[in-house]
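**Q** Here is how the chains run, residue by residue.
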Amino acid sequence: MVSTPSSVGTGVVRARRKRADDVAGLGRARAAAFVVPALLMIGMFLLFPAIWTIYLGMTDYRLTGLAAAHTSFVGLGNYTAAVGDKAFWNALQLTVVFVALSGVIGQSLLGFSLAWSLRRLKGWVRTLVESLALAAWVIPGSVNAFLWIALLDRRDGTLNTLLNTPGTAWLISDPMAMIVIFNIWVGTAFSMQLFSSALSAVSPSQLESARIAGASEFRQLFDIVLPTIKGHILTNTLMITLWTFNTFTPFLLTAGGPNRKTEILSVYIYKTAIGSGQLGFGAAISMIMLLINLAIALLYMRVGRKK
Amino acid sequence: MTIATRATAHRTSRTATRFVGRLGFVVFITVVSVFFAVPMIWLVVAPFDGNPTMSVKWPEWTLNNFHRILDNPYAFGSIVNSLMISGGVVALTVILATLAAYALSRVRIPGRDALLYGLLLLSSIVTGTAAMVPTFQLINALGLINTQLGVVLVMSGGILPTVVFILKDFMDSVPKSYEESARLYGAGPFQILRDVVVPVARPGIAFVAVWSVVQAWSNFLVPFILLRDPTLQPAGVLMYTFYTEAGQADLRLISAFSLVYTLPVVVIYFLVNRKFGFRFYGGIKS
Amino acid sequence: MVSIGRRKLITLAGLALVPGALDACSSTSKTASNTSSGGTKNVTLTITANAIEGGKNAAEAKWVADWVIPQFQKANPGVTVKFEPQGVNDENYKTKIALDLKSGKGADIIAIDGIWTGEFAQAGYIKPLKDVAGAAVDAWDGWKQIPNAVQGAVSFQGKVYGVPQGTDGRVFFYNKNLFSKAGLPTAWQPTSWDDVLNAARALKKLKGVTPIQLNAGTAMGEATTMQGILPMLVGTGEYVWADNKWAGNTKGLRDVMNLYKTIYVDEKLGDPVLQQEANGRDSSFQEFAAGQIGILAEGDYFWRSVINPAKGVGTAPMADRDTVVGYTKIPAMKPGSGVKGQSFVSMSGGAGRVLNPNTKNADMAWKLMELICSPEGFAARAAGTLSISPRDDVNKTLLAKDPMLTYVSTEVLPITSYRPGLADYTQVSTALQQASLDVVTGTSVADALKTYTGTLGGIVGAGNITNN
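Chains as they are written, first to last, in this note's numbering: chain A, 1 to 307; chain B, 1001 to 1286; chain C, 2001 to 2468.
Source of the hints: derived by calculation from the structure; they are not laboratory data. Keep in mind the model is a prediction, meaning the values are calculated, not measured. Certain hints may be false.
As the list claims (entries may be wrong) - No more than 30 Å apart at the CA atoms, straight line, and that leaves these computed lysine-lysine pairs for DSSO-like: (1) K2251(C) to K1057(B); (2) K2311(C) to K2159(C); (3) K2450(C) to K86(A); (4) K86(A) to K2261(C); (5) K122(A) to K1275(B); (6) K2251(C) to K86(A); (7) K2144(C) to K2450(C); (8) K230(A) to K1057(B); (9) K2159(C) to K1057(B); (10) K2261(C) to K2334(C); (11) K261(A) to K2261(C); (12) K2176(C) to K2204(C); (13) K2268(C) to K261(A); (14) K2261(C) to K2251(C); (15) K1176(B) to K230(A); (16) K261(A) to K2450(C); (17) K86(A) to K2245(C).
What the hints assert, rightly or not - Which chain A residues face chain C? A few, computed with CB under 7 Å, are given here: (18) P37; (19) A69; (20) P258; (21) S276.
Virtual Cβ for every residue (Gly too), placed ideally from N, Cα, C.
Given only the sequences and the hints, what does the whole structure look like? Please build it.
**A** If you want it as structure tokens, here you go:
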């Protein structure tokens, strides 16, 4: 009944290949009954507005003004307009950098390092570190923004006091770096949680035998741990990429500025949709964002399967 | 060199490596702790300052800011509303997602994976600002404008795909041997789910539950657009009332309310974490 | 882990692209407004405004609850008046009321920013007052007390869509202490941009003092356009929108941008970094209150709600406001060079209240509007926070208490200008802000205006631009 330690390594792989074993005897009909309520909910409140949004993306719809009263179908007009808009490319470029640095690299690495270094630790140190990281994660974004504005304030910000750099306007001189660090601060807890769960699944006896055989910590990490938690790495990267693509909190910190240097796609959409009321155009950009996410997801899948 | 000295040298270098490793560990943990803690100082200090600014300074101690929050006719109610909305979202998503994730994990349904990923991607559109008008019109047509139910439904629809996705991952890693033996003893599928799978996957469920609370707790746009009556609005919306007519933040109110707004969700997290833990394999260490 | 077939995923995404049967959903639902009908008995009226007790515009919310509602219900038995408070930023408030109006709902009386009149009217969300409430509108005696210019703030294409609720004006505020330290007169009235620049040059000698703050850049949003670019532009004799065309690369705009260049780049009389900070406007308030800014272009809002020393009112209170802070009219570029040949200029905004065209009780709603806009109504409103009302009779008696507001009402309002209430304005305004940002951060005036006219063409069409 209890899975034997030695079988875990290969067992995971095999289980993954035939994960759909219907051990509980659900049967298709009952399985469908289990799934349908969630699907109905999603269909009604997610799929329906989403498809509608995609349709809006092909109109010149605006919230106010003449185009609100007489909305016309423009086909792919918004898409060609976006492709011709320098601000769009700027936003896209910034988003890619932002997602890569703060999400894929920053949060994952810091989250994994924390999970790895805390894994054998018990007691207050572990509780403290984990609690701090998780507090950052659960504090609402609108509050977090104030915390970081106070930290980075040009006049008497905490960072300037700590580093003795009075008058440095961090959000002006290094805006992108700041929102990257901010996002790492906010989101690391997720990766930390995910990886520490994953690490606890790595067979201790396998690590023990590796250690006895004289393998260094790094060797253990690369030969045993990483292959075992490959699936978790993939989940983590995928979720983080999606979330970071869509996060809007940096707007509360920099409002996309200075001079669009932190105008990531979510901010760009907000500015076009709410700021200037171009809902059709905003919807089209959202769709482009979705397609980019789709491409990235496919890429991850491919990489994930190859290894 | 005698064997003895060589052994000592070896031991010394080993100790040295271990010392350096240990030191590195301590430095790393300290730096990370400071990194996470420093921004939070403002939240601890500014609410008690008679004249808070965008900096951390020794406050002019006062509870005045909290008195003003207490006097606010909507502040307390907004926290209750946040609890109700988040509670509704969690209940709805966790129950629906557990059922769905379990079935998706155990039975091969055609197009399952494409479905999961597709919905996951779509959820990112709908939670954005662009879907605002369709969402409003939909809830309007359903007659759910100005009801918290409408807010709960829209938020749940938005986060369900993610919750199903994460939970299915958890379920995939729950050893199937438990269910096999439960089945041998004659348990039905629903019973297996309730008595075998859910308890084992409990830490995972706790995780998505907290994640859902965090999402619902900090959401602004959905409740703002769908609710009219300020006595129904959650704290995330009320937070934005503490600005002046020209959009300046009234830091006296904002700092105090930030703390009031943050504490419940932190407490919820600690309670859940304490009770269930966030581990995947809480009870089944071999 | 889940594995996935690429084809399946693409199919799914493709499926999502089918717009089928959506047109049916996008048609506006024509559900009744939330007022209950049935003669004068059991009528319910609702008022909404971006005001909420204990938060944003608390004084207004309190006034509606404590004065408007009881007064009206007493005078009209059987009528229930409800207030739907809001407390968010202007964009979100606008979004919300637009969604309400679009779906045929919303309060019977809605507070709006005058600048939204045009775009709401174009969208068909609001109608001229006369079309909603009939002859009673023209019969109202209040119109005589409201100057035409103020009415213009809630008008579109010559038709009045709402009743103005207030107005404001922009001036230069200055710190008299710093002025005397710099050897400048504390009773100061500059008559040209050069006068202002010379004062700033004198202030520059003081340590730790930013001589002048003229809002620039996108981070301050509309505050840049209203307190910076437009008051300067009207000082050159140009409007941003005139004869159905928008100002492109014009002489006036070049002068304004060169002024920015002088202040922020050439002579460093202002702080260019502050213009880029996300909360730069708040910072400018804090710095002025702390005696670190010499001259600040702002609206009377700054006096009433920012540096107001009354307890719990000002967000950056100055205990010695009445003695230290001076205010003076904004000069045109040169005497007589302003619009209409003026030597002094200003810009004003204005709030208003409109009737919801979907109201079921238009007559009663207009009656309520009359009460709200009566002299007694404004007097009661002013008990909370004093600001300039749209009515001359009210201003005469109420503003006497506050010399600054009297100054704006008597000296500034006669020379002020208003923004064009067109839907495109918001985007044009953003483009102007961007141009000022470019100049402040070192781009040449020519390049900044080239980018600006390019953007402008994309918004309003190349044929609708004036270049000279």
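**Q** Each hint should be assessed against the structure and marked as holding or not.
**A** Now for the hints, and whether the structure bears them out:
no., hint, result
1, K2251(C) to K1057(B), "violated (48 Å)"
2, K2311(C) to K2159(C), "violated (42 Å)"
3, K2450(C) to K86(A), "holds (15 Å)"
4, K86(A) to K2261(C), "holds (25 Å)"
5, K122(A) to K1275(B), "holds (17 Å)"
6, K2251(C) to K86(A), "holds (27 Å)"
7, K2144(C) to K2450(C), "violated (45 Å)"
8, K230(A) to K1057(B), "violated (46 Å)"
9, K2159(C) to K1057(B), "violated (54 Å)"
10, K2261(C) to K2334(C), "holds (18 Å)"
11, K261(A) to K2261(C), "holds (22 Å)"
12, K2176(C) to K2204(C), "holds (15 Å)"
13, K2268(C) to K261(A), "holds (23 Å)"
14, K2261(C) to K2251(C), "holds (15 Å)"
15, K1176(B) to K230(A), "holds (20 Å)"
16, K261(A) to K2450(C), "holds (21 Å)"
17, K86(A) to K2245(C), "holds (25 Å)"
18, P37, "violated (21 Å)"
19, A69, "holds (5 Å)"
20, P258, "holds (3 Å)"
21, S276, "holds (5 Å)"
Consistency note: the structure conflicts with the earlier hints numbered 1, 2, 7, 8, 9, 18.
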